[in-house]
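Put together the whole structure using the sequences plus the hints.
Under our numbering, the letters of the sequence shown match residues 12 to 217, in that order.
Bear in mind the hints are in silico, worked out from the structure with no lab data behind them. Note that the Cβ used here is the ideal one computed from N, Cα and C, for glycine as well. One or more hints might be untrue.
[To be verified] So the derived label-pair ranges between C-beta atoms look like this: (1) 104 to 24: 41 to 51 Å; (2) 17 to 101: 47 to 57 Å; (3) 106 to 24: 43 to 53 Å; (4) 131 to 44: 22 to 32 Å; (5) 134 to 81: 18 to 28 Å; (6) 47 to 104: 20 to 30 Å; (7) 149 to 101: 18 to 28 Å; (8) 125 to 93: 14 to 24 Å; (9) 47 to 18: 38 to 48 Å; (10) 173 to 101: 13 to 23 Å; (11) 150 to 216: 20 to 30 Å.
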Amino acid sequence: MNPTSGVLYRMMEWVTRFAFLNLLWIVFTLTGGLILGFFPATVSMFAIIRKWLMGESDIPVFQTFLTYYKKEFFKSNLLGLFVGGIILLIGVDIFYMYANGIDILRITYYPLFIFILLLILFLFYIFPAFVHFDLKILPLFKNAFLIMLIHPLHNLFILISLVSVFFIMREIPALFFIFGGSTYAFITMWLSLHAFHKIENKKKTA
Numbered sequence: 012m013n014p015t016s017g018v019l020y021r022m023m024e025w026v027t028r029f030a031f032l033n034l035l036w037i038v039f040t041l042t043g044g045l046i047l048g049f050f051p052a053t054v055s056m057f058a059i060i061r062k063w064l065m066g067e068s069d070i071p072v073f074q075t076f077l078t079y080y081k082k083e084f085f086k087s088n089l090l091g092l093f094v095g096g097i098i099l100l101i102g103v104d105i106f107y108m109y110a111n112g113i114d115i116l117r118i119t120y121y122p123l124f125i126f127i128l129l130l131i132l133f134l135f136y137i138f139p140a141f142v143h144f145d146l147k148i149l150p151l152f153k154n155a156f157l158i159m160l161i162h163p164l165h166n167l168f169i170l171i172s173l174v175s176v177f178f179i180m181r182e183i184p185a186l187f188f189i190f191g192g193s194t195y196a197f198i199t200m201w202l203s204l205h206a207f208h209k210i211e212n213k214k215k216t217a
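Laid out in structure tokens, this is it:
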């Protein structure tokens with residue numbers, strides 16, 4: 012096999028892996044009735060992406076996904092309960108402000124929108140932190156939030172990368188279905204791992 016053929020083969024192999032992982036994410040999300048399936052399926056997807064990035068590229072994808080899905084089903088849904096509660100609270104606040112239309116309430120718009128932005132950035136790290144650290148839910152929230160605060164450049168790179176991918180996939184909507192979830196997981200897991208390793212290295216040299 013010539014070098015060019017070898018490179019093309021490896022590229023197609025990884026394209027197939029990402030598509031298969033994305034399909035598993037969709038199927039297992041629906042298997043859990045969407046609400047109960049989303050968080051364990053997403054955690055499983057991130058766990059596999061993490062293993063790939065750590066050099067374990069030959070793991071059996073389906074079996075590994077299923078193992079994580081079963082193992083983290085309750086803990087990941089507990090995470091979903093906390094995250095869903097925060098999002099619901101924000102949604103109620105926004106609805107209340109718009110429904111009342113009272114001028115004095117508009118002074119709360121900017122703090123609320125800043126909080127929403129921080130929440131979005133925090134959510135970029137929550138799944139990577141879940142599969143990388145062995146922590147309970149509240150310490151996990153604390154770690155993910157602190158990592159988000161002390162790595163603004165990583166936040167920026169994640170936003171730029173995801174926005175770029177969004178505009179590319181918008182031109183070919185089928186790509187969202189085939190690669191949307193796995194691409195998001197790869198970008199956020201890759202940049203999050205870089206942030207995690209920086210923190211771990213600082214602890215070693217401290």
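Here is how each hint holds up against the structure:
1. 104 to 24: 41 to 51 Å: 47 Å, holds
2. 17 to 101: 47 to 57 Å: 49 Å, holds
3. 106 to 24: 43 to 53 Å: At 47 Å between Cβs, range holds.
4. 131 to 44: 22 to 32 Å: For residue 44 against residue 131, whose Cβ atoms are near 26 Å apart, the range 22 to 32 Å holds.
5. 134 to 81: 18 to 28 Å: 24 Å Cβ-Cβ, so the 18 to 28 Å window holds.
6. 47 to 104: 20 to 30 Å: 26 Å, holds
7. 149 to 101: 18 to 28 Å: Holds, since residue 149 and residue 101 (Cβ atoms, about 19 Å apart) stay within the stated range.
8. 125 to 93: 14 to 24 Å: Holds, since residue 125 and residue 93 (Cβ atoms, about 21 Å apart) stay within the stated range.
9. 47 to 18: 38 to 48 Å: Given about 41 Å between the Cβ atoms, the range holds.
10. 173 to 101: 13 to 23 Å: The hint (13 to 23 Å, Cβ to Cβ) holds, given that residue 173 and residue 101 are roughly 20 Å apart.
11. 150 to 216: 20 to 30 Å: 23 Å, holds
Of the hints listed earlier, there is not a single one the structure fails to meet.
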